[in-house]
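Asker: Residue strings, one per chain:
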Amino acid sequence: MADPTFLHSLTLEGFRAYLQPQTFDFGKKRCLAIFAPNGSGKSSLIDALEFLFSEQGTLERLGQRTLNNQAGPQALAHNGAQAAGILPMVKFATKTGKVIAEGSRAASGNQRKMPSTATAMNASFAADPIIRGHTLRTFVENQSPETRYSDVASWLQLAPLVEVQRNLRLLRRDVRAAAESTAEQSRLNETLRTEAAQDIPEWNDAVIVDFVNTKVIAPLDPSVMFVALNKDDIAYAELKKRAEAEEKQVGLAGLKQIRNAAAALWLSSISEKGGDPIITGAIADFDAALEVLANAQDLEATERDNAADTVFHAVWKEAEPLFADDATAPDDCPICATPVDQTNAGSVSAIRSLLGKHLDDLKTYREAKKALDNAQVAATQAQHNLVARLPPMVDHLEEKDGTGLKAQLVAYQAGVACWPKADAPSSAAICGLLAALLVDLDEQIAHIEAKQGDHTWSKAKVKIDRLLALKDEFELTNRKSNELIKLNDALTEQSRQISEAIRGRIQSLVDTLQAPMNTIYKEIQGEAAKPVRLQLPGEDENNQQRLQLVIDFAENRPSVPPAGYLSDSQIHSVALALRLAAIKRFNTGAPIIALDDVVTSYDADHRRAIAALISKMFMDCQMIIVTHDERFFNYLKDQLAATDWKFTRIIGLDPALGPRFSDHKVTDEMIEERWAAGQSAANEMRQAEEEWLLSIARGFGVNVRIRSLERAYSYERAELAIAIGAFLKEIKVSPADVSGINNQFITSLAKGEIENFGSHFQDGPYGDGSIGDERRRWEEFKAFRSQFVCPVCGRTKFQRPTPLKRPLCANRGCEAQFEFAGAPAAVSVSVTAGAGEYFHER
Amino acid sequence: MVEEQEQVQRSAEDAGAADGAKVPLAAQMETPTVFLMRLSKELKETYGADADLAGILVDNLLTVAPEANVVANARTAIVALAGRRAAPAAPQEVDTTDG
Numbered sequence: 000m001a002d003p004t005f006l007h008s009l010t011l012e013g014f015r016a017y018l019q020p021q022t023f024d025f026g027k028k029r030c031l032a033i034f035a036p037n038g039s040g041k042s043s044l045i046d047a048l049e050f051l052f053s054e055q056g057t058l059e060r061l062g063q064r065t066l067n068n069q070a071g072p073q074a075l076a077h078n079g080a081q082a083a084g085i086l087p088m089v090k091f092a093t094k095t096g097k098v099i100a101e102g103s104r105a106a107s108g109n110q111r112k113m114p115s116t117a118t119a120m121n122a123s124f125a126a127d128p129i130i131r132g133h134t135l136r137t138f139v140e141n142q143s144p145e146t147r148y149s150d151v152a153s154w155l156q157l158a159p160l161v162e163v164q165r166n167l168r169l170l171r172r173d174v175r176a177a178a179e180s181t182a183e184q185s186r187l188n189e190t191l192r193t194e195a196a197q198d199i200p201e202w203n204d205a206v207i208v209d210f211v212n213t214k215v216i217a218p219l220d221p222s223v224m225f226v227a228l229n230k231d232d233i234a235y236a237e238l239k240k241r242a243e244a245e246e247k248q249v250g251l252a253g254l255k256q257i258r259n260a261a262a263a264l265w266l267s268s269i270s271e272k273g274g275d276p277i278i279t280g281a282i283a284d285f286d287a288a289l290e291v292l293a294n295a296q297d298l299e300a301t302e303r304d305n306a307a308d309t310v311f312h313a314v315w316k317e318a319e320p321l322f323a324d325d326a327t328a329p330d331d332c333p334i335c336a337t338p339v340d341q342t343n344a345g346s347v348s349a350i351r352s353l354l355g356k357h358l359d360d361l362k363t364y365r366e367a368k369k370a371l372d373n374a375q376v377a378a379t380q381a382q383h384n385l386v387a388r389l390p391p392m393v394d395h396l397e398e399k400d401g402t403g404l405k406a407q408l409v410a411y412q413a414g415v416a417c418w419p420k421a422d423a424p425s426s427a428a429i430c431g432l433l434a435a436l437l438v439d440l441d442e443q444i445a446h447i448e449a450k451q452g453d454h455t456w457s458k459a460k461v462k463i464d465r466l467l468a469l470k471d472e473f474e475l476t477n478r479k480s481n482e483l484i485k486l487n488d489a490l491t492e493q494s495r496q497i498s499e500a501i502r503g504r505i506q507s508l509v510d511t512l513q514a515p516m517n518t519i520y521k522e523i524q525g526e527a528a529k530p531v532r533l534q535l536p537g538e539d540e541n542n543q544q545r546l547q548l549v550i551d552f553a554e555n556r557p558s559v560p561p562a563g564y565l566s567d568s569q570i571h572s573v574a575l576a577l578r579l580a581a582i583k584r585f586n587t588g589a590p591i592i593a594l595d596d597v598v599t600s601y602d603a604d605h606r607r608a609i610a611a612l613i614s615k616m617f618m619d620c621q622m623i624i625v626t627h628d629e630r631f632f633n634y635l636k637d638q639l640a641a642t643d644w645k646f647t648r649i650i651g652l653d654p655a656l657g658p659r660f661s662d663h664k665v666t667d668e669m670i671e672e673r674w675a676a677g678q679s680a681a682n683e684m685r686q687a688e689e690e691w692l693l694s695i696a697r698g699f700g701v702n703v704r705i706r707s708l709e710r711a712y713s714y715e716r717a718e719l720a721i722a723i724g725a726f727l728k729e730i731k732v733s734p735a736d737v738s739g740i741n742n743q744f745i746t747s748l749a750k751g752e753i754e755n756f757g758s759h760f761q762d763g764p765y766g767d768g769s770i771g772d773e774r775r776r777w778e779e780f781k782a783f784r785s786q787f788v789c790p791v792c793g794r795t796k797f798q799r800p801t802p803l804k805r806p807l808c809a810n811r812g813c814e815a816q817f818e819f820a821g822a823p824a825a826v827s828v829s830v831t832a833g834a835g836e837y838f839h840e841r
Numbered sequence: 000m001v002e003e004q005e006q007v008q009r010s011a012e013d014a015g016a017a018d019g020a021k022v023p024l025a026a027q028m029e030t031p032t033v034f035l036m037r038l039s040k041e042l043k044e045t046y047g048a049d050a051d052l053a054g055i056l057v058d059n060l061l062t063v064a065p066e067a068n069v070v071a072n073a074r075t076a077i078v079a080l081a082g083r084r085a086a087p088a089a090p091q092e093v094d095t096t097d098g
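Those sequence lines, one after another, are chains Y and G.
Here the first sequence is numbered in numbering that gives the first Met the number 0, starting from 0 and rising by one per residue.
Here the second sequence is numbered in numbering that gives the first Met the number 0, starting from 0 and rising by one per residue.
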């Protein structure tokens, strides 16, 4: 069997609560237990492990981004790391056999790639090696079977399989909805209603055929009838043939178009009021314009002759005011000085008459010239209009229509185009032909309209083709729906197959774990605890996968849910037992267990039972335990081998450093420091006393009675003291009294009894004692402790090899038999009570 | 020496139970990725199973790292498959070449 992989070291640097680098060395002692009060950074060590093996490089409670209540990966870094120039990082080393592999993972930036060493180790974690107390509480509080199933699968690192089951459920729901959807049919029915002018609400073959025969075909030819609406029907072939024939003829629209083109050239019509025919059209307009032009030209020529004598127009114009009626006429001609009466006119009045005539002739000419100009413009416009309208008409006509109209129109068009350089062609023949054409067209149009209205075979075929396409769409939609129904059935079957396989997989793991889980469960809860069974009922339509906890609580209560019968603590134990069993069973390649505050729901006996459980069943594992429960911490210290375990405690959180650790041993200096800081040292004192008692108990080889689980609230310090007291009695030695004080500790120790200092110092909390009380108590203890020294070499370590009754000095060069030193010196105690301090001495 | 006088003794049966049932460890240690690969293969080879549908499920769902819109993608693929199956068969091209 391959060597398991263990953590060899772990260094936190700028990570979570740790600013300056802190290395945990597992080289000499594989397991680690840390005690610390809340908020002092103990969980950061577990965080480092979670981060190290996190696929996404984050913590579950931080999430992958800062969102809602999640802080995101940026919270991995110590808040002072950047200012201190420290790159947040977790460094580590693993050891497999004798092979040590190192790695590190940056805890900042977007690239927080898992190092290969961690990847390799992570591959050995079939079950999540980290157990946090709050997740166990969640397991207790979220008691829905679905949530429990998901939780357990997640613990077994089978969350992806649960995700598969969840996605399958969602997919089945979606595909079933798609198979049952009628949206496409509704859309097609809407199109059908549009095609059938709202006559047909939804597709029905018989109704559709009836609609086609009566509304589409009958107006054209009632003898053509569809039996079924498809392209194989004989009626469709007939429809197609007639539509093609119609394509070769000029249809109603085409006839109307030709008529419009002809009428635009020439049309004779009679007003509704009756009267002579009115000729309109571009040809008539052009002819009329030419006629007006010719008249204007004649008139202008005549008037031009009349005005030829008006060369002296200016002279006359100048003379007119001279001979005006109201003016005094000159006696002589203003130009040649001929006397008026000697001129041809002979008198002033005759001159006046002559002037008026010549000036009138000039005015008429100007008017004729203007009319000529206008006629020329109008004729040009009429020509342009005619030239524009002739080509469409020419295009409509066949080359050989039997009338020669097209050829004549072409020639006429050429002649019109040559005007005014050449004379305009005559339109008489063309107008005759156009008149005949219009009569013929009107007859054809009237005939068609009278026969079929707006229906044509082409339109009928287009509509039926659209209905056929719609039918194809309906059929395709129905086939697709049927295929979807089949696929939905197949999906249900394959989903069942997949889900059953996954359920079987999870059930097999759960079954495998059931026995060890119950063993662990009984270790915690006692032999009388009823076994718990984990059952996975099959998934059905209404329920997703569930994990049911059942117990045979009593003969008349078999297979009942434990929620109504087990306490929260017991269910909590089930969760813990299941996790531990899974890790032990499956993580053989890397048997590491990290426990973060897992005993908060337990009373003292159960905490002690968990400590015993660890020593009993998990000594082959590498365990990292952090707890804020000092009693549990002490249980661990007592029950776990010091050779494999390092016990340490966090004594404070230094913002510039991180968590400050003390050695396992509480030193006198640590207690003095507490008092110097104005803080109670009760816990430290109790710890120091217990450590010393245990050291003496071990050295003396006394029998320590470990109380049974059924006895609640036992305190091993008292037990140690009782055991030591009994041993001292047995070897007939007793310590000297401590002068000057009523030392309850020593007295009770001498009597083989001990007061419950645990409750005195801890449950108080710290009682009502002042620092002064603590100082006095501490001096008493130190005075008592000072008697346990080797009378020869002064060392304080002892041993008692069997079969000796008395302990010996552990110093190999000494090995003097133990005996109490002389009476301790009188105790001088500096006592601080409240704000004042008093000195007690006797 | 310190002795735990009332330490609960574990029976041989208990010890066996604590070690778990006799399930092959290799099977238990099968990772989700390997398990899903094996399941995919079994699904495709299941007699009478719809192979096209199995392919869609394998490609989209039976993976440890599915895409965010995996369900929608799979649904679209299934609907498209239904569409292909519902579509009329394309006319067979007749090979008119000699030989």
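Derived from the structure by calculation, the hints contain no laboratory data.
Hints may contain errors.
Stated by the list, open to error - Simulated pairs of lysine-lysine, BS3-like, Cα-Cα distance not exceeding 27 Å:
{"no.": "1", "chain 1": "Y", "residue 1": "Lys796", "chain 2": "Y", "residue 2": "Lys731"}
{"no.": "2", "chain 1": "Y", "residue 1": "Lys781", "chain 2": "Y", "residue 2": "Lys731"}
{"no.": "3", "chain 1": "Y", "residue 1": "Lys804", "chain 2": "G", "residue 2": "Lys43"}
{"no.": "4", "chain 1": "Y", "residue 1": "Lys214", "chain 2": "Y", "residue 2": "Lys239"}
{"no.": "5", "chain 1": "G", "residue 1": "Lys40", "chain 2": "Y", "residue 2": "Lys636"}
{"no.": "6", "chain 1": "Y", "residue 1": "Lys255", "chain 2": "Y", "residue 2": "Lys239"}
Asker: Against this structure, judge whether each hint is valid.
Answerer: Hint by hint, here is what the structure shows:
no. : hint                  : result
1   : Y:Lys796 <-> Y:Lys731 : 20 Å, holds
2   : Y:Lys781 <-> Y:Lys731 : 22 Å, holds
3   : Y:Lys804 <-> G:Lys43  : 77 Å, violated
4   : Y:Lys214 <-> Y:Lys239 : 17 Å, holds
5   : G:Lys40 <-> Y:Lys636  : 52 Å, violated
6   : Y:Lys255 <-> Y:Lys239 : 24 Å, holds
This entry does not satisfy hints 3, 5, going by the numbered hints stated previously.
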